[in-house]
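**Q** The primary structure of each chain is shown beneath.
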Amino acid sequence: MLVGVLALQGAFREHIEKLEACGARGREVRKPRELEGVEALIIPGGESTAIGRLMVEFSLLEPIRRRGEQGMPIWGTCAGMVLLAKDIIDSQQTRLSLMDMKVRRNAFGRQVDSFETDLSIPPLGSEPFRGVFIRAPYAEEVGPGVEVLAAVDGKIVAARQGKLLATAFHPELTGDLRFHQYFLKNAQ
Amino acid sequence: MAAAEKGTWTVKTGLAEMLKGGVIMDVTTPEQAKIAEEAGACAVMALERVPADIRAAGGVARMADPTVILRIMDAVTIPVMAKVRIGHFVEAQILEALGVDYIDESEVLTPADEEFHINKHAFKVPFVCGARNLGEALRRIGEGAAMIRTKGEPGTGNVVEAVRHMRMVMAEIRRLVNLPEEELMTYAKNIQAPYELVLETKKLGRLPVVNFAAGGIATPADAALMMQLGADGIFVGSGIFKSADPMKRARAIVAATTHYNDPHVLAEVSKDLGEAMPGIDIATLSQEQRMQERGW
Chain V
591 MLVGVLALQG AFREHIEKLE ACGARGREVR KPRELEGVEA LIIPGGESTA IGRLMVEFSL
651 LEPIRRRGEQ GMPIWGTCAG MVLLAKDIID SQQTRLSLMD MKVRRNAFGR QVDSFETDLS
711 IPPLGSEPFR GVFIRAPYAE EVGPGVEVLA AVDGKIVAAR QGKLLATAFH PELTGDLRFH
771 QYFLKNAQ
Chain E
19 MAAAEKGTWT VKTGLAEMLK GGVIMDVTTP EQAKIAEEAG ACAVMALERV PADIRAAGGV
79 ARMADPTVIL RIMDAVTIPV MAKVRIGHFV EAQILEALGV DYIDESEVLT PADEEFHINK
139 HAFKVPFVCG ARNLGEALRR IGEGAAMIRT KGEPGTGNVV EAVRHMRMVM AEIRRLVNLP
199 EEELMTYAKN IQAPYELVLE TKKLGRLPVV NFAAGGIATP ADAALMMQLG ADGIFVGSGI
259 FKSADPMKRA RAIVAATTHY NDPHVLAEVS KDLGEAMPGI DIATLSQEQR MQERGW
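Chains V and E, in that order, give the protein sequences.
Residue numbering for the first sequence follows the working numbering, starting at 591 and increasing by one per position.
Residue numbering for the second sequence follows the working numbering, starting at 19 and increasing by one per position.
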């Protein structure tokens, strides 16, 4: 499977390494034509305002939104989760508005409050998954079509809406491939 | 949930990973910070004066007034960094208490200690430090820096020193990768770097942390040059707000950092930017005026 990784800014290299470790092919996407032939897309962590601006400037926002509406699997991590959301609390910033959820940015605090912790994510099996949260968002509410996959103290940090996935944490910064494998399986 | 661990190495280096491919801009006011955020900066560096003005003013340059930093933190949602003097761990304690997202232990300010850098492992907030070569970079990482940048020559608008430092680090890594095992301890001794970090760098084929370019970047072409030389991202100090049209130049440098390998995009964004900051020929600076000589 050929998976695009939006490479405008942020941790795109790590996602490509993980995809390749899972046996998929990764492609950096910076322009609309690089979306052609891509069967699924990852929007990496980074700064959501910077990525959103560059998506508009380089004409990627509408094509990605259209492909998402047509059923292309998309997974957003951290900034990617923010960009997938319909609602971003206290913000008018650019977004794809594909997932029916209300997210809060930098919701756990500033960098000194960034943390890692073990998460229980049932679709990944009984072994805990190490969640790395960096100035992370969470979802305060999700719509009826959205399944909650993981929470921290009642705050939603992983969710799925059909072929769309969002995580507030960074599986690409760990040695654990299970979330990437789950995304690829869900994308089939 | 299981206990949350804060200030871990993964979390400190992780923020730097998220900044990659982005531009970190020096700002001195909330208004400038907003311009930087709107232009697509991935973080801002909160300062009282940009390096060009520090250079012009002379005297002792210190950590900025907390009020300046807090106002900038209130103005934007992107990470806010701030500078402390080399070795001044109390300035660092103050910045950590303010909640800044990254501390730059910086040669742009006047050093507070001519022998020792800060023990950065002692902090929850991550640090970035400048380096001119691999040994210096690995010494800083050994002290706990979670991100490295070239020193370049700040406040000059002249990219030549940043190029020199990036080429030096990259050349040393290429050489290290090809060294046989039995030469590694002597290599570590010669470059005055911690042995374990030398081994890790050899294994990775790159620095163990993110490596940005800084010190003299003034144009989109400068930014793309540093990216093509192997930088993970760009710091722009005086180059934006000392230019004629900061918003336009900031946007152009952001676009050039993303599309650093695409000369057509670089040509497009380089058009009609107005005057760049006035530059300084490094040869006209005396030894004492060269900020890159600070730190050891």
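Since the hints were derived computationally from the structure, they do not count as laboratory data.
These numbers come from a predicted model, not from an experiment.
One thing to keep in mind: the hints can contain errors.
To be verified - In the DSS-like style, the derived pairs of lysine-lysine whose C-alpha atoms are separated by at most 27 Å in a straight line are:
#1 LYS745/V x LYS142/E
#2 LYS621/V x LYS289/E
#3 LYS52/E x LYS676/V
#4 LYS289/E x LYS692/V
#5 LYS753/V x LYS775/V
#6 LYS621/V x LYS266/E
#7 LYS692/V x LYS221/E
#8 LYS24/E x LYS745/V
**Q** Among the hints numbered above, which are violated by the structure, and what are their numbers in rising order?
**A** Failing hints, ascending: 4, 7.
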